[in-house]
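Enquirer: Same order as they appear, the protein sequences are chains F and B. Take 18 as the starting number for the first sequence in the numbering used here and just add one per residue. Take 18 as the starting number for the second sequence in the numbering used here and just add one per residue.
Hints were generated in silico from the structure; no laboratory data involved. Note that this is a predicted model, so its numbers are computed, not measured. Wrong hints could be hidden among the right ones.
Identical copies carry no separate label here, and so any pair may be met within one copy or between two of them.
Said to hold, decoys possible - Pairs of lysine-lysine residues, derived as DSS-like cross-links and limited to a Cα-Cα distance of at most 27 Å, are as follows:
(1) K155 / K262
(2) K128 / K155
(3) K44 / K155
(4) K262 / K128
Listed here are the chains, written in short residue letters.
Protein chains: 2
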Amino acid sequence: MPEPIAPVTAAVLVIGDEILSGRTKDKNIGSIAERLTEIGIDLREVRVVPDEASEIVSAVNALRARYTYLFTTGGIGPTHDDITADSVAAAFEVGIDVDARARAMLLERHKPEDLNEARLRMARIPHGADLIPNPVSKAPGFSIGNVFVMAGVPQIMNAMLDAVLPGLSQGVPVLAETIEAGGLPEGAFATGLSAIAARHGSVSIGSYPSMTQSGFANRIVVRGRDAEAVAAARVEIEAMLETLKR
Amino acid sequence: MPEPIAPVTAAVLVIGDEILSGRTKDKNIGSIAERLTEIGIDLREVRVVPDEASEIVSAVNALRARYTYLFTTGGIGPTHDDITADSVAAAFEVGIDVDARARAMLLERHKPEDLNEARLRMARIPHGADLIPNPVSKAPGFSIGNVFVMAGVPQIMNAMLDAVLPGLSQGVPVLAETIEAGGLPEGAFATGLSAIAARHGSVSIGSYPSMTQSGFANRIVVRGRDAEAVAAARVEIEAMLETLKR
Chain F
18 MPEPIAPVTA
28 AVLVIGDEIL
38 SGRTKDKNIG
48 SIAERLTEIG
58 IDLREVRVVP
68 DEASEIVSAV
78 NALRARYTYL
88 FTTGGIGPTH
98 DDITADSVAA
108 AFEVGIDVDA
118 RARAMLLERH
128 KPEDLNEARL
138 RMARIPHGAD
148 LIPNPVSKAP
158 GFSIGNVFVM
168 AGVPQIMNAM
178 LDAVLPGLSQ
188 GVPVLAETIE
198 AGGLPEGAFA
208 TGLSAIAARH
218 GSVSIGSYPS
228 MTQSGFANRI
238 VVRGRDAEAV
248 AAARVEIEAM
258 LETLKR
Chain B
18 MPEPIAPVTA
28 AVLVIGDEIL
38 SGRTKDKNIG
48 SIAERLTEIG
58 IDLREVRVVP
68 DEASEIVSAV
78 NALRARYTYL
88 FTTGGIGPTH
98 DDITADSVAA
108 AFEVGIDVDA
118 RARAMLLERH
128 KPEDLNEARL
138 RMARIPHGAD
148 LIPNPVSKAP
158 GFSIGNVFVM
168 AGVPQIMNAM
178 LDAVLPGLSQ
188 GVPVLAETIE
198 AGGLPEGAFA
208 TGLSAIAARH
218 GSVSIGSYPS
228 MTQSGFANRI
238 VVRGRDAEAV
248 AAARVEIEAM
258 LETLKR
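Chain F with its partners taken away, still in its complex shape (with noise of 0.2 Å):
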């Protein structure tokens, strides 16, 4: 047999007071977990803290110790409750100034008399840290050992995404198959699915329920990184579903 290769994990982290006060709707948690399934890259936690140092540097360092990879969002902007950089040049006890290379971005897009104090804080950047360029708006983002500091605003972080994932590794791809249960409650199958779950331990199995206007609708999707046990688990639960239909 191949040799497995180890998962490569990745972990969130949305800093924001405007996420947890419900002013503003977190969309990057689900654009990135997205992209990150699409390259087989295991996205095990998210988190979301408000814009606090001490909060900051300590939802950084707990995640960055855990998991291959950590992505945060927001907070990197010009005005004073943008603490993300200096938080985390604190969680990983360097020094942060502004950085030349950062300038000469922000330059880019601002004429050097409109190159305030505040515009460069947009260029202060940890000691070590290598820069994520931003196309939308020239202040990029960085990265520092396993960590990558991006923007909030979703056109921005998306497009600092697209720079950042061609250089991660990347696991193997994980294969979904979705199975709409129709409008089959899951009580009417979940002994079954279970059953099926016992004999297929190398897939995850999984019932997602939601409503629509008639009622429920039930999507089992099973995932698995072999697309020989993904098929053959999928065969058993439409079968399955089958019986119970007649």
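Following the hints, position chain B against chain F.
Expert: Quick look at chain B alone, frame taken from chain F:
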């Protein structure tokens, strides 16, 4: 001066592989955040974890110790991957069995002959828990200690929250005033905003950029529990923005 009211804080724990894979986009974080803000409860942290017992136990124990309330969503259905109730029982080190009250609720929806083993899983409730009614599909949530365990399906979660919120300690509601910065970029007003923030320590002032087709659309939000302090900061911010627009 009146005695300050101690803040009432909360965390949310979203349980579900399907959120972490990106196949399902969570809507509950935003809804719960909004609803808690309305009643003055400060949501301070959100975590998303897989349907894995050790992860759920560990997150439940960390969060319930740190905040006034913990709300969990997901994993209380009838299928084999619904392990939240057992995990919460393990976190509290209590037993778990089919609960007579919960079984009675399920019988409001299912005929006795249809109350199979899988559906009865939804009546498994940790010892000592109270039930949270589910007017949508009858299978109850539950609360134990300061932890409220709710469904993942948004319609059902919100119905459960309807039952839960009135019984909670409410903080003093946080007032929020939003000032649209029009087409002004953050870099133009950040310095002025920072100076105002430094002078108004009892409010929080955040700057939240977003993008429309015509460029940045920035909004400034002043938040605080004292109406006069919020209004005073607002007046200064509006005046400062006016000077920039000339």
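Enquirer: For each hint, tell me whether it holds in the structure or not.
Expert: Evaluation of the provided hints:
no., hint, in the structure
1, K155 / K262, "between (57 Å within a copy, 24 Å between copies)"
2, K128 / K155, "within (13 Å within a copy, 62 Å between copies)"
3, K44 / K155, "within (21 Å within a copy, 31 Å between copies)"
4, K262 / K128, "between (68 Å within a copy, 19 Å between copies)"
Of the hints listed earlier, there is not a single one the structure fails to meet.
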